[in-house]
Every structure is written in C-alpha cells, then in structure tokens.
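Student: Sequence lines, in order, name chains L and X.
According to the numbering used here, the first sequence is numbered sequentially starting from 1.
According to the numbering used here, the second sequence is numbered sequentially starting from 1.
Honestly, the hints are just simulated from the structure, not real lab data.
We put the beta carbon where it would ideally sit given N, CA and C, even for glycine.
Among the hints, a few may not be true.
[Unchecked claim] Only part of the chain X face toward chain L is listed, based on derived beta-carbon distances under 10 angstroms: (1) Gly16; (2) Met19; (3) Gln22; (4) Tyr35; (5) Met41; (6) Gly42; (7) Leu43; (8) Arg44; (9) Leu45; (10) Tyr48; (11) Glu59; (12) Val60; (13) Tyr64; (14) Phe106.
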Amino acid sequence: GDSVTQMEGPVTLSEEAFLTINCTYTATGYPSLFWYVQYPGEGLQLLLKATKADDKGSNKGFEATYRKETTSFHLEKGSVQVSDSAVYFCALRVNTGFQKLVFGTGTRLLVSP
Amino acid sequence: NAGVTQTPKFQVLKTGQSMTLQCAQDMNHNSMYWYRQDPGMGLRLIYYSASEGTTDKGEVPNGYNVSRLNKREFSLRLESAAPSQTSVYFCASSVQREDPTGELFFGEGSRLTVL
C-alpha cells in the first residue's frame with residue numbers, strides 16, 4: 001500500500017544551521033506530496049506541496065523537491081530559527097479516488113539559540 | 001476566523017465509558033475527517049465524510065462511530081472506551097473531495113486518556 005517513511009527524530013540544531021529532513025514514499029500511480037508542520041499545542045498546517053515530478057514546493061524559507069527517480073521529498077532550510085521548532089510531517093495523496101492523505105510518523109525539530 | 005473547532009480539548013475516561021468528540025468548521029468545506037495521533041505512528045485516519053450525508057471508514061475505524069450532522073459538524077463517538085484509544089484526536093476539513101491542493105485544515109486536537 002501507499003506509505004511514507006521519514007527520518008526519526010528528534011533533530012537538534014543550533015540557530016542558523018542547515019536543515020534536512022528526509023522523506024521517501026511508496027505509492028501506486030503519481031502522488032502529490034506535502035509537508036505539514038505542527039507547532040506545540042496546535043493542529044497541523046500545510047507548509048508546502050508539490051503535485052508532480054521535479055516540482056519544488058517552497059514556503060517560509062523551506063523547500064522540497066519532488067524526486068520521482070528516488071521517490072523522495074526531502075525538506076530543507078538554509079538557516080533555521082528557534083521559531084522553527086516543531087514536528088514536521090511528510091504526507092502523500094494518491095491522485096485517484098477520494099482525497100485521503102497518508103502521513104509519515106513525523107520528525108521533531110528542536111532549534112536552540 | 002475560527003476555522004476548525006474541536007471540543008473538548010482534554011478528557012479522561014474510565015474503561016467502558018462512552019463519549020463524543022465534537023467538531024465544527026466554518027469554512028463551508030465539503031469534506032471532514034477524524035485522525036488519531038500516537039507516538040511513533042504519525043496520524044492515522046479513523047473516518048471521513050466526503051460530503052454531507054456520507055461517511056466512510058478510514059485506516060483504523062474499529063471502536064468508533066461518526067455522524068455528519070450537517071455540513072459544518074462531524075462528531076466522533078466512542079461507545080465503550082478502551083485504554084488503546086488513549087490518543088490525541090484531530091478533526092480536519094477540506095474544500096472538496098477532488099481539491100488538487102490537498103490542503104487539510106486541522107483543529108487544535110483533543111487529548112483523550114482512557115484509564
């Protein structure tokens with residue numbers, strides 16, 4: 001079945017460090033890919049998305065490129081801030097039938113000053 | 001703008017008790033969802049409602065029932081709570097079943113503990 005695999009956390013970084021959170025997927029067909037972010041005490045919110053191969057999603061300094069050949073959608077940011085501390089979820093939606101998202105297990109990011 | 005509102009935010013139950021989690025959205029969305037979030041498991045879909053008047057099972061529906069009361073409201077009921085249902089529950093909504101953006105809007109969550 002369709003699934004998403006994320007690197008385990010927590011990822012601990014100092015402010016202004018470079019961030020990569022790995023995400024790979026398994027899906028039938030051609031999925032759309034998403035990163036959602038969950039700040040402490042809140043629900044998830046969409047961070048960025050890509051709907052076809054080679055698309056790059058970007059938002060708030062975060063980027064991820066849809067790599068069909070490696071079935072990956074790694075999240076990157078050049079310089080993290082303390083306010084980026086959150087849990088990040090990679091997700092996919094298969095573009096057939098009803099829109100259901102399949103989520104990865106989440107990766108907690110901790111950024112220290 | 002309230003978005004997706006869930007109640008209650010916290011609840012403690014004893015095994016065998018019943019309860020209903022309420023969810024309402026004010027964005028005129030067609031589709032609504034209930035997820036549970038457990039450590040190391042990510043979010044798993046319990047039930048969803050593609051549109052008013054329809055409900056369907058998700059990945060982990062056992063022990064739950066749902067009601068799409070109207071377009072705004074989608075409730076989740078635990079008839080006989082079990083410790084395995086201790087979790088954080090999230091309600092979400094989206095514009096329409098074929099929305100290509102795939103964006104779901106989430107509530108703040110309801111933390112349920114079953115003793």
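Student: A separate judgement is required for each hint: does it hold in the structure or not?
Tutor: Do the hints match the structure? See the list:
1. Gly16: With Cβ-Cβ at 29 angstroms, over 10 angstroms, it is violated.
2. Met19: At about 20 angstroms, which exceeds the 10 angstroms cut-off, the nearest Cβ of chain L leaves the hint on X/Met19 violated.
3. Gln22: violated (15 angstroms)
4. Tyr35: holds (8 angstroms)
5. Met41: Cβ of X/Met41 sits 6 angstroms from chain L, so the hint holds.
6. Gly42: holds (4 angstroms)
7. Leu43: holds (4 angstroms)
8. Arg44: Where the cut-off is 10 angstroms and the nearest Cβ of chain L is about 8 angstroms from X/Arg44, the hint holds.
9. Leu45: holds (6 angstroms)
10. Tyr48: holds (7 angstroms)
11. Glu59: holds (9 angstroms)
12. Val60: Hint violated; X/Val60 Cβ to chain L Cβ min 13 angstroms, cut 10 angstroms.
13. Tyr64: Violated: closest Cβ of chain L sits about 16 angstroms from X/Tyr64, beyond 10 angstroms.
14. Phe106: It holds, given that the least Cβ distance between X/Phe106 and chain L is near 3 angstroms, below 10 angstroms.
Of the numbered hints given earlier, the model fails hints 1, 2, 3, 12 and 13; all others are met.
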